[in-house]
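K.L.:
Next come the chains, spelled out residue by residue.
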Amino acid sequence: MDFSIGTNLDRIIILLYFLVVMGFGAYFGKYSKSTSDYFFGGRRFSWWLITISIVATGIGSHSFLKYSTKAYEYGFSSTMTYMNDWFFMPLFLFGWLPIIYYSKVATIPEYFQRRFNSNARFIATFMILLYMIGYIAIQLLTLATVLYKIYSIPLMTTVVIIAIITTLYTHFGGQTSVIFTDLFQGLILLFSGLLLFYLGINYLGNFSDLNGLSFFWQNLTISQKLPLANFNSPPDFNFVGIFWQDGIAGSIGFLFMNQGLIMRFMAAKNVNEGRKAAAFNILIILPISAIVVSNAGWVGRVIANTNPNILPSEMASNDVFVVITNLVSSPGVFGLIIAALCAALMSTADTLVNASSAVIVNDIYRPMTKNKNSDKIELNVARLSSILVKIIAVLLVPFFNNFDSIYEAHGWFHSIFTPPLVVGIFLGIFWKRFTSSAIIATFLVGGFLMILGQLYPDLIKPFSHGIELRPGKGYSYIGALYNIFVCSMVGIIVSFFTKPPDLNKIKGLTIFDVKDLRKIFKGSEVNDAVGDKILVKWKKSNKSNDSISFSKNDMQKMKAKKSDLVYLSDSRKWLGGLKSIHSSFDKSHDEDGIVYLSNSLIEKGLFSKDKILIAEKEM
Amino acid sequence: MTISLKLMNDFFISTWLPFLYLYGVGGILFFFGLILIVKTKALQIKDFKDFNWFLTLIIGFIYYLLIHFSFIILAF
Numbered sequence: 002m003d004f005s006i007g008t009n010l011d012r013i014i015i016l017l018y019f020l021v022v023m024g025f026g027a028y029f030g031k032y033s034k035s036t037s038d039y040f041f042g043g044r045r046f047s048w049w050l051i052t053i054s055i056v057a058t059g060i061g062s063h064s065f066l067k068y069s070t071k072a073y074e075y076g077f078s079s080t081m082t083y084m085n086d087w088f089f090m091p092l093f094l095f096g097w098l099p100i101i102y103y104s105k106v107a108t109i110p111e112y113f114q115r116r117f118n119s120n121a122r123f124i125a126t127f128m129i130l131l132y133m134i135g136y137i138a139i140q141l142l143t144l145a146t147v148l149y150k151i152y153s154i155p156l157m158t159t160v161v162i163i164a165i166i167t168t169l170y171t172h173f174g175g176q177t178s179v180i181f182t183d184l185f186q187g188l189i190l191l192f193s194g195l196l197l198f199y200l201g202i203n204y205l206g207n208f209s210d211l212n213g214l215s216f217f218w219q220n221l222t223i224s225q226k227l228p229l230a231n232f233n234s235p236p237d238f239n240f241v242g243i244f245w246q247d248g249i250a251g252s253i254g255f256l257f258m259n260q261g262l263i264m265r266f267m268a269a270k271n272v273n274e275g276r277k278a279a280a281f282n283i284l285i286i287l288p289i290s291a292i293v294v295s296n297a298g299w300v301g302r303v304i305a306n307t308n309p310n311i312l313p314s315e316m317a318s319n320d321v322f323v324v325i326t327n328l329v330s331s332p333g334v335f336g337l338i339i340a341a342l343c344a345a346l347m348s349t350a351d352t353l354v355n356a357s358s359a360v361i362v363n364d365i366y367r368p369m370t371k372n373k374n375s376d377k378i379e380l381n382v383a384r385l386s387s388i389l390v391k392i393i394a395v396l397l398v399p400f401f402n403n404f405d406s407i408y409e410a411h412g413w414f415h416s417i418f419t420p421p422l423v424v425g426i427f428l429g430i431f432w433k434r435f436t437s438s439a440i441i442a443t444f445l446v447g448g449f450l451m452i453l454g455q456l457y458p459d460l461i462k463p464f465s466h467g468i469e470l471r472p473g474k475g476y477s478y479i480g481a482l483y484n485i486f487v488c489s490m491v492g493i494i495v496s497f498f499t500k501p502p503d504l505n506k507i508k509g510l511t512i513f514d515v516k517d518l519r520k521i522f523k524g525s526e527v528n529d530a531v532g533d534k535i536l537v538k539w540k541k542s543n544k545s546n547d548s549i550s551f552s553k554n555d556m557q558k559m560k561a562k563k564s565d566l567v568y569l570s571d572s573r574k575w576l577g578g579l580k581s582i583h584s585s586f587d588k589s590h591d592e593d594g595i596v597y598l599s600n601s602l603i604e605k606g607l608f609s610k611d612k613i614l615i616a617e618k619e620m
Numbered sequence: 029m030t031i032s033l034k035l036m037n038d039f040f041i042s043t044w045l046p047f048l049y050l051y052g053v054g055g056i057l058f059f060f061g062l063i064l065i066v067k068t069k070a071l072q073i074k075d076f077k078d079f080n081w082f083l084t085l086i087i088g089f090i091y092y093l094l095i096h097f098s099f100i101i102l103a104f
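Sequences listed follow chains U and L, in order.
Count along the first sequence starting at 1, add 1, and that's the number in my numbering.
Count along the second sequence starting at 1, add 28, and that's the number in my numbering.
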């Protein structure tokens, strides 16, 4: 693309946006006092806060460019990948989510250690770190390719500047900063994307007496209006390939393997809030997100169908997002929408940086030091890790810049890293017979067979569903089906020829134990008697233990007994659980409406003096 | 006759075949998951909260099926 875009006003707005986000992140940084806060935000947040921050994580800067391009080329079928995530929800909501939450695993590699062995953890750590850091590099590259056109700063300098800005607030703030900046950025992102669609439809209204929406709909061809792509052609965009690559491998990868997303769910105040966040996200937010990331392409397609001369003659398909945004918006608004692109990058990158530093601390540093260091030292290691991760990501940018397009880089990335991990996690959770030797074989032999498939596409042909082989490039998306098949087969066959795992050792780590997980988590029988939530004021107790003392009457209202678990939060719901704690009930007293808290709980809960708290028995 | 059969085949391949494949293969995976969580009692259908989740899961499946179905019809 050789045409200049944007005005000085746009440039100022984008700069201001970066400053606001940094300020936001720095402010919430004060809430990270321990590694638990830094990585999981203290397991305290409400579902709505988790939902919006998941949106911001799920929509990366590459999403706008990638889906606009596909929308421009193929129409509404660009939405396919946003509308095929529901199939795995039963297993996610009632399998994986309670397992990771109640078994208190901090990272996915730690799950591999507990479910299998330290070798499995080691390989998983390596693969997940490479996956996340590479993903950050792709995000940096995507945004830099847009920004360097606006600011005329060389690509790599732009990459470095963006990396520094996004590192700053993650470095100091951790997960709490990430969640709150992502709340802000998620809203900006959705608003700007929908604003762009509104402006685009308005713009189209200028071409005819019809209203913009009618003109838009009537000037798409039938194939451009269909929500699913043609079954098996063309090779670079067909339904069945994308179904296996994105709907199956991608969905499992996103829900079960994405350390950033897993940490977001673990920041929820309980499993049910995590379930609500996931369900609301997929049912309501993802269809909206599909419109947000695709609409520039649809508007571009209608313009190309009706008034092609309006578009620059040298415009490539993947320029459509920036060109249409520039065309339909006024100076300033263009800057705001590009700021949304920045939001998409920063919110995805910050989550992945935080997740990578969690993996470095939990799966490399702690095993190396045998957990001998203090939380303060680990927090410093986490902060340094976030810088290291960004440096490696910046160094990887030139590698990804060598691909023909960002989409190709992204597709290559997914096809290499997702299948072995996805198969490992999936069989680990849902098949007790899956053994430690089998997971290693899945990684190594499965990986080898995947490489063979890349070298000899004839191996993939039986899975191709009639998709044409691209000379010199092999099969595209449908390779995922082959990869999942060979990894699964290796895992299953090796499991049958090796000694079954000790069932006591894997207790609480498969779906078959989910019904008992709450009891394991609590350490005693679960109290499911339905009680009321009560409002209380807090007083400082002289005790040093971290259990909470309520009055006898208040405990009766909550149907709570000593040692049951309790959640206490500031009664202002809009705080989303920022000021809250989990604890257990101590012996009762006689002052109704009063709760006694230790000094450390007051600090941990960030409770303000004289503010009313709401208490509920958890289990 | 041959031409009209080819046209019908092309029409089917670009419209209803992807739809049937999506909710056929996806449906098998979805209901396998649903049955597994009920059988293992990870979701306890007699519990009021869990029963609501059970309904939400099925409604979610139908919701997406209807969205895709409607858009295919609307395209013509």
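If you are wondering where the hints come from, they were derived from the structure by calculation, not from laboratory data.
A virtual CB, placed ideally from N, CA and C, is assigned to each residue, including glycine.
Be aware that one or more of the hints could be misleading.
Residues of chain L placed beyond 12 Å of chain U at every Cβ, according to the derived structure [said to hold, decoys possible]:
| # | residue |
| --- | --- |
| 1 | Ser32 |
| 2 | Leu33 |
| 3 | Lys34 |
Computed cross-link-like contacts, DSBU-like style, restricted to lysine-lysine with a CA-CA straight-line distance of at most 35 Å [to be verified]:
| # | chain 1 | residue 1 | chain 2 | residue 2 |
| --- | --- | --- | --- | --- |
| 4 | L | Lys34 | U | Lys516 |
| 5 | L | Lys77 | U | Lys105 |
| 6 | L | Lys34 | U | Lys553 |
| 7 | U | Lys544 | L | Lys74 |
| 8 | L | Lys34 | U | Lys474 |
| 9 | U | Lys574 | L | Lys69 |
| 10 | U | Lys574 | L | Lys34 |
| 11 | U | Lys610 | U | Lys562 |
| 12 | L | Lys34 | U | Lys534 |
| 13 | L | Lys34 | U | Lys558 |
| 14 | U | Lys226 | L | Lys77 |
| 15 | L | Lys34 | U | Lys506 |
| 16 | L | Lys34 | U | Lys560 |
| 17 | U | Lys562 | L | Lys34 |
| 18 | U | Lys433 | L | Lys69 |
| 19 | L | Lys34 | U | Lys105 |
| 20 | U | Lys534 | L | Lys69 |
| 21 | L | Lys34 | U | Lys500 |
| 22 | U | Lys433 | U | Lys105 |
| 23 | U | Lys588 | L | Lys34 |
| 24 | U | Lys506 | L | Lys74 |
| 25 | U | Lys277 | L | Lys69 |
| 26 | L | Lys74 | U | Lys277 |
| 27 | L | Lys67 | U | Lys523 |
| 28 | U | Lys523 | U | Lys540 |
| 29 | U | Lys508 | L | Lys34 |
| 30 | L | Lys77 | U | Lys563 |
| 31 | U | Lys562 | L | Lys67 |
| 32 | U | Lys433 | L | Lys34 |
| 33 | U | Lys562 | U | Lys500 |
K.L.:
It remains to establish, for every hint, whether it holds in the given structure.
P.N.:
Quick rundown of the hints versus the structure:
1. With a least CB separation of 17 Å from chain U, Ser32/L remains clear of the 12 Å interface cut-off, as annotated.
2. No beta-carbon of chain U comes within 12 Å of the beta-carbon of Leu33/L; the shortest separation is about 17 Å.
3. The non-interface label for Lys34/L is consistent with chain U: the shortest C-beta to C-beta separation is roughly 14 Å, beyond 12 Å.
4. For the suggested pair Lys34/L and Lys516/U, the alpha carbons sit about 53 Å apart, so the restraint of at most 35 Å is broken.
5. Only pairs whose Cα atoms come within 35 Å are accepted, and Lys77/L paired with Lys105/U is accepted, the gap being roughly 23 Å.
6. This hinted pair does not check out: Lys34/L and Lys553/U have alpha carbons roughly 78 Å apart, beyond 35 Å.
7. For the hint linking Lys544/U to Lys74/L, the alpha-carbon distance of about 42 Å lies beyond 35 Å, and the restraint is violated.
8. Between Lys34/L and Lys474/U the alpha-carbon distance is near 29 Å, which keeps this suggested pair within the 35 Å criterion.
9. With a C-alpha separation of about 33 Å, the suggested pairing of Lys574/U with Lys69/L holds against the 35 Å cut-off.
10. For the proposed pair Lys574/U and Lys34/L, the alpha carbon gap of about 60 Å is over 35 Å, so the pair is violated.
11. A C-alpha spacing of about 27 Å is found between Lys610/U and Lys562/U, which places the hinted pair at or below 35 Å, so the restraint holds.
12. Between Lys34/L and Lys534/U the CA atoms are separated by roughly 65 Å; this puts the pair beyond 35 Å, and the hint is violated.
13. Only pairs whose Cα atoms come within 35 Å are accepted, and Lys34/L paired with Lys558/U is rejected, the gap being roughly 71 Å.
14. For a cut-off of 35 Å, the pair hint linking Lys226/U to Lys77/L is broken: about 39 Å separates their Cα positions.
15. Our distance criterion of 35 Å between C-alpha atoms is broken by Lys34/L and Lys506/U, whose separation comes to about 59 Å.
16. With a C-alpha separation of about 69 Å, the suggested pairing of Lys34/L with Lys560/U is violated against the 35 Å cut-off.
17. For the hint linking Lys562/U to Lys34/L, the alpha-carbon distance of about 72 Å lies beyond 35 Å, and the restraint is violated.
18. Taking the CA atoms of Lys433/U and Lys69/L, the gap is near 16 Å; set against the 35 Å cutoff, the hint holds.
19. Of the pairs offered as hints, the one joining Lys34/L and Lys105/U is violated, with about 57 Å between alpha carbons and a cut-off of 35 Å exceeded.
20. For the proposed pair Lys534/U and Lys69/L, the alpha carbon gap of about 28 Å is at most 35 Å, so the pair holds.
21. Proposed proximity of Lys34/L and Lys500/U is contradicted: the alpha carbons are some 54 Å apart, above 35 Å.
22. A C-alpha spacing of about 20 Å is found between Lys433/U and Lys105/U, which places the hinted pair at or below 35 Å, so the restraint holds.
23. With a C-alpha separation of about 79 Å, the suggested pair Lys588/U and Lys34/L falls outside the 35 Å cut-off, and the hint is violated.
24. For the suggested pair Lys506/U and Lys74/L, the alpha carbons sit about 30 Å apart, so the restraint of at most 35 Å is met.
25. In summary, the hint linking Lys277/U to Lys69/L is supported, as the alpha carbons are separated by about 20 Å, within the 35 Å threshold.
26. At most 35 Å may separate the alpha-carbon atoms for a hinted pair to count; Lys74/L and Lys277/U meet this at roughly 20 Å.
27. Of the pairs offered as hints, the one joining Lys67/L and Lys523/U holds, with about 24 Å between alpha carbons and a cut-off of 35 Å not exceeded.
28. In summary, the hint linking Lys523/U to Lys540/U is supported, as the alpha carbons are separated by about 26 Å, within the 35 Å threshold.
29. Taken as a hint, the Lys508/U and Lys34/L pair is broken in the structure, with Cα atoms around 56 Å apart against an allowance of 35 Å.
30. Simply put, Lys77/L and Lys563/U have alpha-carbon atoms about 25 Å apart, close enough for the 35 Å limit, and the pair holds.
31. Taken as a hint, the Lys562/U and Lys67/L pair is honoured in the structure, with Cα atoms around 31 Å apart against an allowance of 35 Å.
32. Proximity of Lys433/U to Lys34/L is assessed by CA-CA distance (about 49 Å); at most 35 Å being required, the pair is judged violated.
33. About 44 Å separates the Cα atoms of Lys562/U and Lys500/U, which puts this hinted pair outside 35 Å; it is violated.
The structure fails hints 4, 6, 7, 10, 12, 13, 14, 15, 16, 17, 19, 21, 23, 29, 32, 33 (numbered hints given earlier, in ascending order).
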